[in-house]
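2 protein chains.
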Amino acid sequence: MANESAPAAEPDPLLRLLLDGEPRTRNQLMDLTGLARSTVTGRLEVLLAQEYVAPYEAAESTGGRPPARFRFNPSARQVLAADVGATHLTVALTDLSGLIIDSVTTPHNIAEGPETVLAELAAHGHRLLGNGRLAGTGVGLPGPVEHLTGRPNHPPIMPGWDSYDVVGRLSREFAGPVLVDNDVNLMALGEHTGRYAEVEHLLFVKVATGIGAGVISGGRLHRGAQGAAGDIGHIQAPGHTELCRCGNTGCLEAIASAAAIAARLRAAGLPAETSQDVVELIRAGNPIATQAVRQAGREIGTVLAACVSLLNPSVIVIGGSLSQAGDSLLAGIREAIYARSLPLATTALQVVASGTGRDAPLRGAAAMVQQYVLGL
Amino acid sequence: MANESAPAAEPDPLLRLLLDGEPRTRNQLMDLTGLARSTVTGRLEVLLAQEYVAPYEAAESTGGRPPARFRFNPSARQVLAADVGATHLTVALTDLSGLIIDSVTTPHNIAEGPETVLAELAAHGHRLLGNGRLAGTGVGLPGPVEHLTGRPNHPPIMPGWDSYDVVGRLSREFAGPVLVDNDVNLMALGEHTGRYAEVEHLLFVKVATGIGAGVISGGRLHRGAQGAAGDIGHIQAPGHTELCRCGNTGCLEAIASAAAIAARLRAAGLPAETSQDVVELIRAGNPIATQAVRQAGREIGTVLAACVSLLNPSVIVIGGSLSQAGDSLLAGIREAIYARSLPLATTALQVVASGTGRDAPLRGAAAMVQQYVLGL
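Line order of the protein sequences matches chains A and B. For what it's worth, our numbering labels the leading residue of the first sequence as 1, then goes sequentially. For what it's worth, our numbering labels the leading residue of the second sequence as 1, then goes sequentially.
Isolated chain A, as found in the complex (with noise of 0.2 Å):
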């Protein structure tokens, strides 16, 4: 099965409701949706019969045989969720809520083709699976992907990569819808889906060896008409001229990225090599590196700002490794933002560190499949 846009089911409204946890009656849910009697009987069957509901028994008794209540199953299927990064691979074993029940992380090379990667993914995940019913395989990929068909799009770090049908490789592995899209979506979906449910409009962005974003509107993740949303490391950082590796001249990657500023700082004869170093020489107290993160902060800021006019959302996450780089990074983002934009955008935004850290896409994989099975 391949990427859709649409989900597989309509959405339930008991589900919907069901999703936060809470036990509850036939009566209160007839109540809270509105639903006459015989279809809430209806659909609680159908629920039930899919395991995706199940009755709810009471610990405590007041006398007298208690109304039935029932709630959301989250152990009614398992999912299975992918984080294929650069350098490692995680694999991770999910419930319906997205609680990790099993994970194994183990070092690779993505340049050495989708075969051999997929080969070792398929591998972890046939050891991870028990004996649950699995919902579905959720895959987060370091590149673009064309969100229609989850085949990666001139993907620059992934060699052989291209065009390459990774739906198809996992579906003769793996029951279930296959649904394939870039990391940064995918973190963006399990900051929302974690910390952030209750928040219609977020901006999440990862700020690595390259810069993206994920942007979800509506409580909804936007992908765009080819999956090509959020790709703000292009965007042209007002009065520069830097060649990126895109071919354009002054785009943000090209003058905010880690690996942009690991080259400042090897030209002022720093050991830096890679976002990690960079991380290193901030934590040491350099004050070279520490001015250069917080400056590459305000030329991000100064491209989010076109954004927060655009989109006026009310939370901005920032997570990539550069932002484990302490304050520098954040406090020039919030510079250059309230620097930009008008009053009446910034009045309630937050602009904060990521907090889910490394398990941001396996969470936001998780919530891809469980959207898609459940009809979110």
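Think of the hints as simulated: they come from the structure by calculation, not from any bench. Because the structure is a prediction, the values reported are computed rather than measured. Incorrect hints may have been included.
[What the hints assert, rightly or not] In silico contact screen, one side only, chain A against chain B (beta carbon under 10 Å); selected entries:
#1 Asn153
#2 Gly194
#3 Ala197
#4 Ile232
#5 Ile235
#6 Thr302
#7 Cys307
#8 Leu311
#9 Ser314
#10 Glu335
#11 Arg340
#12 Pro343
#13 Ala348
#14 Leu349
[What the hints assert, rightly or not] According to the in silico footprint, chain B covers these stretches of chain A (three or more CB under 8 Å from chain B):
#15 34-42
#16 211-223
#17 244-253
All C-beta atoms in this analysis are idealised placements derived from N, C-alpha and C, irrespective of residue type, glycine included.
Using the hints provided, position chain B relative to the given structure of chain A.
Chain B in isolation, oriented as in the chain A frame:
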């Protein structure tokens, strides 16, 4: 009743289906929605009682009694739609499909303040209203509107309107909900529900005295946390430092709006006070004006390229008075968007001139009320 972010009703799957105007039998409705016969019967009863759905009498008969068919009844309610411009006021009576039944346009001056303008709007509305049941009133204003309250928020060309309770004032005049939004959002909604109902991700850009945008994401208007989304006129245009009326420098509006172009043409000795003057100079073949508008198009296109990277829309519609200046504006916009955007995001991107023209805000105001009342 006030502006609210949640619609008044839960969306009804039968009604959503029937909105395309096709008559359908009970069995067809069961097949297409997957709902049980009892549910379809129950819901049809409600919709028939509300008159949103009416029995459909086929013209031809094949002998015997044909099965009953049902279809959406756009005459079930009427909608008051108002377009409050800077110098004109239009009030229209529409049906639930947005069809304009009757309308009246009068010159006015928005600076006379909300009491005067809304009294005139109300007088027009009462004259237009017949015996039909009013679903609600939709109002477009030429400035920022805080979505939750429907109150104008520091609108630059509307002295006396800041924080005025438009909803409260008009609720004293008319039955049903009163919904208020800025005119650019309503133009985006009008364009989307009119020509591009099938398009998931669309950007509408108004280029007139000011510059603003309306964002359609996932088929719905994206208003943002405070209703301030789409404010692209104050995004910084790379390489510019002109002072903007907002107090910042280098804003797109300070460089590429009709007001900015007119000022530049006056400095070159040409008679250009309004956007209409600019349009007329171009229609008369003036090369300085043509060149100025094309260059403004490039500046707008550079900012829109950033919007394309962030949102990956499939259609960008250019409207507003300056879009009537012929191909120069569109050519400049296209040139800059294609020069700055990554290939995947522009694979299937259309950049087109608005086709709905002056009726767009009215259509949008009617659509806003329709969506709210029908729970869409």
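Outcome of the hint check:
Checking Asn153 of chain A against chain B by beta carbon gives a least distance of about 5 Å; that is within 10 Å, so the hint holds. Below 10 Å, beta-carbon pairs count as interface contacts, and Gly194 of chain A has none with chain B, the closest being about 19 Å; its hint is therefore violated. At a threshold of 10 Å, the smallest CB-CB gap from Ala197 of chain A to chain B is about 15 Å, leaving the interface hint violated. The criterion of a C-beta within 10 Å of any C-beta in chain B is met by Ile232 of chain A, whose closest approach is roughly 6 Å, and the hint holds.
At a threshold of 10 Å, the smallest CB-CB gap from Ile235 of chain A to chain B is about 4 Å, leaving the interface hint in force. Interface hint status for Thr302 of chain A: upheld, as the beta-carbon distance to the closest one in chain B is roughly 7 Å, under 10 Å. Hint status for Cys307 of chain A: holds, given a least beta-carbon distance of 6 Å to chain B, under 10 Å. Taking 10 Å as the C-beta contact cut-off toward chain B, the hint placing Leu311 of chain A at the interface holds, the least distance being around 5 Å.
With a cut of 10 Å, the hint placing Ser314 of chain A at the interface with chain B holds, because the nearest CB-to-CB distance is about 4 Å. Residue-level restraint check for Glu335 of chain A is violated (minimum Cβ-Cβ distance to chain B is 14 Å; threshold 10 Å). Given hint, Arg340 of chain A at the interface with chain B, holds; its Cβ is 6 Å from that chain's nearest Cβ, closer than 10 Å. Residue-level restraint check for Pro343 of chain A holds (minimum Cβ-Cβ distance to chain B is 7 Å; threshold 10 Å).
Among the interface hints, the one on Ala348 of chain A holds; its C-beta lies about 6 Å from the nearest C-beta in chain B, closer than the 10 Å criterion. Given the 10 Å rule on beta carbons, the hint for Leu349 of chain A holds: about 8 Å separates it from the nearest Cβ of chain B. Given a C-beta distance limit of less than 8 Å, the hint that chain B covers the stretch 34-42 of chain A holds, as 5 residues qualify and 3 suffice. Here the stretch 211-223 of chain A counts 7 residues with a CB under 8 Å from a CB of chain B, which clears the bar of 3, and the coverage holds.
Counting residues of the stretch 244-253 of chain A whose CB lies closer than 8 Å to any CB of chain B gives 3, so the stated coverage by that chain holds, three being the minimum.
Checked against the numbered hints given earlier, the structure breaks hints 2, 3, 10 and satisfies all the rest.
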